[in-house]
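One-letter residues, chain by chain:
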Amino acid sequence: MKLMVRSNEWISNRQWDMSPVPQALILELLNHAVWAPNHRNREPWRFIYISRNNTGGLDFIQAQAPGYLIITMNNENDANKQNENLAAVFCLIQNFRLLAWEQKLGANVCFYEWMYDRRNCQQLGVMDKERIVAVLEVGFCNESSAVVPTSSAAVLNWRSL
Amino acid sequence: MQLEQLIRERRSIRKYNNLPVSQDLIIKLLQQAERLCSYDGEARWRYVYVGTPEARERLADYMVEKLQDNKIVKLVLSKVTDALHKRVLEVPASLIVIAKTDSNPIIHDQTYGAVCRIMQNLQLLGWEERIGMVWITDPMIQNERFYKRIGLQEGERFVGIVQMGYFDKAPKGRSRTPAERNWTEFVWNER
Ligand SMILES: Cc1cc2nc3c(=O)[nH]c(=O)nc-3n(C[C@H](O)[C@H](O)[C@H](O)COP(=O)(O)O)c2cc1C
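Chains as they are written, first to last, in the UniProt record's numbering: chain A, 1 to 161; chain B, 1 to 191.
One chain only, chain B, in its complex shape (with noise of 0.2 Å):
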């Protein structure tokens, strides 16, 4: 496939089939975007691997632990969070991506960009084995309290989770935008 074309089709996938992902397969994709990206010194993020059925468990547990803190959720919504907690055990696999903070603004985002980039590499990795992958930054997970469940330290941030498996049916892209609409020279004039 065309690079252009990889980039182009690939889309996110939120719906998998039972084909199981191998925890190998995933580790080359990652150690591949880590080589596609480039960044300067050492690696200031990490991955928290959830594929057992165990660990999924526990990661759907934790997603949906705090809506049902909620007593009036707990009682008004239980059907909601049931189904998604339902919906998160059925994911194959997931990898939570975490990144250190930095009091410099530079260091800050650069590795932040870093590790984006490395989870974009990852998503056309992905797509190149037909593995789907979507990721995932839902407000209800971001909280303290899911934090601490992940072992999120002092100094570090939660970048997303990557939700990952095979899949049937990609769902059609929405269209972009044209860069020319977005697209501004810079002329000099010399006054």
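For reference, chain A alone in the conformation it holds in the complex (with noise of 0.2 Å):
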């Protein structure tokens, strides 16, 4: 099906089906995902999984999802290629969206405080010169849950130069 005919309905938030989510299809997703584009072909980014039952000393994680897929990228001391790096995993994260969905796979992008505290990166492995970009909540989606369209999205901000 064409992504112009897809229908924008994304399986609802936290129905998880609690069941893990193999790790061989995560990288098979992936290993499409980082054909995203990238200036430079710097690919700036890292992966960390974390199973729901591998969260145990992590007490700023709530194990809510069946996995963590953490997306961290290499920082830039140049902020136009911090951007630049920024930008090109959220089109990787992007284009793992589109594919885990196909999959019934739910990957929602979470942003939250302690990605932004260093002993938390720490305690992940993130090195000094990593940042985390997003959290991606990882897990397959109950049939029985709801099916919300989300972002309507009918009026653009648009003008012309």
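Hints were generated in silico from the structure; no laboratory data involved. Note that the structure is predicted; figures quoted are calculated from it, not measured. Hints may be right or wrong, so weigh each one.
[Unchecked claim] Only pairs whose alpha carbons sit at most 16 Å apart, straight line, appear in this in silico EDC-like list of lysine to aspartate or glutamate:
#  : chain 1 : residue 1 : chain 2 : residue 2
1  : A       : Lys81     : A       : Asp117
2  : A       : Lys81     : A       : Glu43
3  : B       : Lys79     : B       : Asp102
4  : B       : Lys79     : B       : Glu54
5  : B       : Lys28     : B       : Glu129
6  : A       : Lys81     : B       : Asp138
7  : A       : Lys2      : B       : Glu9
8  : A       : Lys2      : B       : Glu128
9  : B       : Lys148    : B       : Asp24
10 : B       : Lys148    : B       : Asp40
11 : B       : Lys66     : B       : Glu4
12 : A       : Lys2      : B       : Glu65
13 : A       : Lys2      : B       : Glu144
14 : A       : Lys2      : A       : Glu102
The task is to assemble the complex, starting from two chains supplied on their own in separate frames and drawing on the hints.
Structure, rendered in structure tokens:
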């Protein structure tokens, strides 16, 4: 089905089917997602995966999803490069979400205060020259869970130069 | 086309043919790009479209303006700036993308993330229609003068310009590093 005619029904947020998500599937999807545009092929991303049963000592994570895919990025001193890298990572995240959805796998893009705390980053093995860009909470969606269309986006904020 | 194939085969396109791009089509693609993003709250970004010959001329002027400021550059590199101006002028359509900033880092990053994800959707949707695009963030245009020209307001940031047009040839993609090489599983050990 063309992306143009795909519906915008995303499976409702936290209605997870709690079965674990096979890592092989996540890696398979990521290997497509890395074809995101990224300037000068810097491929600034790195992935840290935590399944729910491994969140034990991480009290800042509320283990509500079957899996947490943490996407980190190399920091750049140059502000423009930093923004380009961030943008590339978000393109990868969007690729991943589109692909996951076809597998009935939900991937919520989450931002938490703890992502910005160095101590938490260190606990996760995020290095000093890296930052967390977003946390994808992943899990298969319950058949019974409500399907909600989000962001109807009817009116664009658009003008001409 | 399968989604995997679309994602892998999309290329950044920098050279276009002369087929005109319809503004209505771009609006349709952009609406679908926003729908497929699913973000919380209201849209905190906006678009400035450059499609008419006059607007294209203006954008080309703005993009090289800063370079011409410098007398030496103007003298020595006039050929380069002229070539650049011409290249920009040849781009059938451009979309200037602007997002709101925020003092709260979460909202700030969320907003930028959503608009970047919309841009990726747009590039994929364009590819399905054989419209090639490239996201431009050249340092040359990232200056106050240019921002003023495009009407960037206080509390806003420049996200980029997406250039677009139909094309005859796509370049070959540069391979990507397998995800496995950038993958770590976090395992909790009871100590
Ligand atoms: C945020 C961002 C900024 C970019 N800026 C530029 C740019 O200023 N000039 C350019 O020619 N390409 C730019 N690109 C395109 C990349 O160079 C391109 O994605 C990369 O070479 C990989 O090629 P592909 O998109 O065909 O896979 C940008 C891409 C992204 C995501």
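Structure-based check of each hint:
1. A:Lys81 x A:Asp117: The given pair, whose Cα atoms are some 22 Å apart, is violated under the 16 Å limit.
2. A:Lys81 x A:Glu43: Distance ~12 Å between lysine 81 of chain A and glutamate 43 of chain A Cα, so the pair holds.
3. B:Lys79 x B:Asp102: violated (41 Å)
4. B:Lys79 x B:Glu54: violated (23 Å)
5. B:Lys28 x B:Glu129: Distance of about 12 Å is within 16 Å: holds.
6. A:Lys81 x B:Asp138: holds (10 Å)
7. A:Lys2 x B:Glu9: Within the cut-off at roughly 15 Å; holds.
8. A:Lys2 x B:Glu128: holds (8 Å)
9. B:Lys148 x B:Asp24: It is violated: about 27 Å lies between the C-alpha atoms, which goes past 16 Å.
10. B:Lys148 x B:Asp40: Violated, at about 29 Å.
11. B:Lys66 x B:Glu4: violated (41 Å)
12. A:Lys2 x B:Glu65: With a Cα-Cα distance of about 41 Å, the restraint between lysine 2 of chain A and glutamate 65 of chain B is violated, given a limit of 16 Å.
13. A:Lys2 x B:Glu144: Violated - the C-alpha atoms of glutamate 144 of chain B and lysine 2 of chain A are around 40 Å apart, more than 16 Å.
14. A:Lys2 x A:Glu102: The hint holds at about 12 Å.
Consistency note: the structure conflicts with the earlier hints numbered 1, 3, 4, 9, 10, 11, 12, 13.
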